[in-house]
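Each chain is listed here by its residues.
Protein chains: 2
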Amino acid sequence: MKLLLASTSKLFGQKYLEYLREEIEVFFNHTDQIVFVPYARPGAISWDDYTAIAREGFLPFRIKVKGIHELDHPFRQLSDFGGIFTGGGNTFLLLKTLYETEHFTLLREKVINGAPYMGSSAGSNVAGLSIGTTNDMPIVYPPDFAAFGFVPFNINPHYVDPDPTSRHMGETREQRILEFHHFNPQPVIGLREGSWIQVSDKLFELKGPYTARLFRRDSIPIELEPGRFDLN
Amino acid sequence: MKLLLASTSKLFGQKYLEYLREEIEVFFNHTDQIVFVPYARPGAISWDDYTAIAREGFLPFRIKVKGIHELDHPFRQLSDFGGIFTGGGNTFLLLKTLYETEHFTLLREKVINGAPYMGSSAGSNVAGLSIGTTNDMPIVYPPDFAAFGFVPFNINPHYVDPDPTSRHMGETREQRILEFHHFNPQPVIGLREGSWIQVSDKLFELKGPYTARLFRRDSIPIELEPGRFDLN
Chain A
1 MKLLLASTSK LFGQKYLEYL REEIEVFFNH TDQIVFVPYA RPGAISWDDY TAIAREGFLP
61 FRIKVKGIHE LDHPFRQLSD FGGIFTGGGN TFLLLKTLYE TEHFTLLREK VINGAPYMGS
121 SAGSNVAGLS IGTTNDMPIV YPPDFAAFGF VPFNINPHYV DPDPTSRHMG ETREQRILEF
181 HHFNPQPVIG LREGSWIQVS DKLFELKGPY TARLFRRDSI PIELEPGRFD LN
Chain D
1 MKLLLASTSK LFGQKYLEYL REEIEVFFNH TDQIVFVPYA RPGAISWDDY TAIAREGFLP
61 FRIKVKGIHE LDHPFRQLSD FGGIFTGGGN TFLLLKTLYE TEHFTLLREK VINGAPYMGS
121 SAGSNVAGLS IGTTNDMPIV YPPDFAAFGF VPFNINPHYV DPDPTSRHMG ETREQRILEF
181 HHFNPQPVIG LREGSWIQVS DKLFELKGPY TARLFRRDSI PIELEPGRFD LN
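Chains as they are written, first to last, in our numbering: chain A, 1 to 232; chain D, 1 to 232.
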């Protein structure tokens with residue numbers, strides 16, 4: 001498998017996909033057209049409008065972007081495209097729509113059979129084993145929380161450290177993930193904004209300027225340094 | 001119906017239930033024993049341990065607390081108690097356990113038939129129409145997002161205003177609730193920590209020192225002043 005899983009699609013004060021520019025250039029250098037999955041719909045934007053944003057974001061790479069919803073016969077046509085990009089937004093809505101359109105199985109097979117998959121935020125979250133570590137609000141009810149499972153762990157995008165000055169009584173991100181581990185066995189990688197994970201076959205690499213927070217059941221969380229990592 | 005729905009069980013630097021002391025005194029003044037629903041399990045604490053915390057919290061009121069899981073025949077025994085308190089924790093876990101134990105229907109009927117119900121955080125969230133506006137992480141998959149529906153709206157506990165200085169790219173609470181309204185019609189009340197809603201039959205009152213943020217579909221959110229309110 002070939003994956004590029006980013007915590008966020010943009011950094012504060014930057015343009016869409018700007019911080020990932022060099023990485024995307026290499027990741028999709030074999031193709032001039034990819035398919036976009038707009039189902040996470042940030043701000044409930046339409047599939048068309050969201051695809052237009054992705055299309056513009058890929059102009060600098062001279063890569064054409066087609067929304068998966070624009071394909072008349074996605075099951076047949078998907079092989080015409082050199083890769084897949086799933087954008088961020090609401091993870092519950094993304095997963096529900098993937099199941100309802102039956103594109104879940106279609107995309108899963110394609111990626112397992114080698115189609116490069118790029119995700120940001122919700123799009124990276126669904127690459128994990130489940131959406132059980134999303135930060136999103138459950139605005140719709142998906143038929144399952146099971147996600148693509150391209151990687152043998154869960155991702156928590158937009159990971160934030162506890163704020164020691166906070167007087168807020170809601171749980172910290174770390175507390176939430178520790179609770180998750182009482183009910184779920186898989187490791188969780190808290191991916192900070194500006195970090196991404198690159199997967200090439202069975203090689204995993206953390207990229208970007210930051211460490212990531214690695215949570216394993218029954219273990220004290222640790223910081224994962226940028227570079228190759230192995231969860232076995 | 002008689003409800004006391006609090007945003008949180010404790011305020012920063014205070015003891016458990018401390019800020020609600022006078023209110024609880026009045027709310028449960030007709031009884032010396034209540035049932036506690038420990039299923040939200042903050043930090044995945046056990047039902048017994050969580051009930052012990054609630055038991056201690058109610059000592060100042062000379063009210064005995066029994067965990068609903070401690071009852072041999074909850075369907076028969078529930079009428080022996082003067083009210084119900086559902087504590088905070090993880091809303092997904094709370095709702096899932098309510099459905100699995102079949103206490104969902106039992107509690108719902110009791111409250112509709114007049115048993116006073118107090119909730120904090122997750123316990124207040126499930127008093128609304130759905131858990132679709134929880135802030136919690138979906139650590140388990142409930143068979144439905146439909147909640148008790150004691151009130152004709154949804155509650156967002158621990159409501160926080162957008163931080164204008166934030167460089168974080170995750171959605172603000174307000175953005176999440178606006179997204180919710182693209183897929184769900186019910187009003188949402190963003191209840192700040194330190195606020196609670198009291199319901200007596202069809203009279204609704206916002207209490208505590210803060211305004212609440214009221215979100216109605218297709219309307220600009222407004223601040224609800226403490227005091228009586230009516231959503232019709």
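The set of hints was computed from the structure by calculation and includes no laboratory data.
Be careful, since some hints might not be right.
Each pair may be met inside one copy or between any two copies, as identical chains are not told apart.
Each computed SDA-like pair below joins lysine to any residue, with the alpha-carbon atoms no more than 20 Å apart [said to hold, decoys possible]:
hint, residue 1, residue 2
1, K15, S166
2, K64, R173
3, K202, I220
4, K10, H168
5, K96, A146
6, K15, A115
7, K10, I112
8, K10, R167
9, K96, V140
10, K15, R216
11, K66, R176
12, K15, Y141
13, K64, E22
14, K96, L178
15, K64, Y141
16, K96, Y141
17, K15, M169
18, K96, P143
Nothing here was measured: the structure is a model prediction, and the numbers come from that model.
query = Any of the earlier hints contradicted here, and which numbers?
reply = As far as the earlier hints go, 2, 3, 6, 7, 10, 11, 12 and 15 are violated by this structure, in ascending order.
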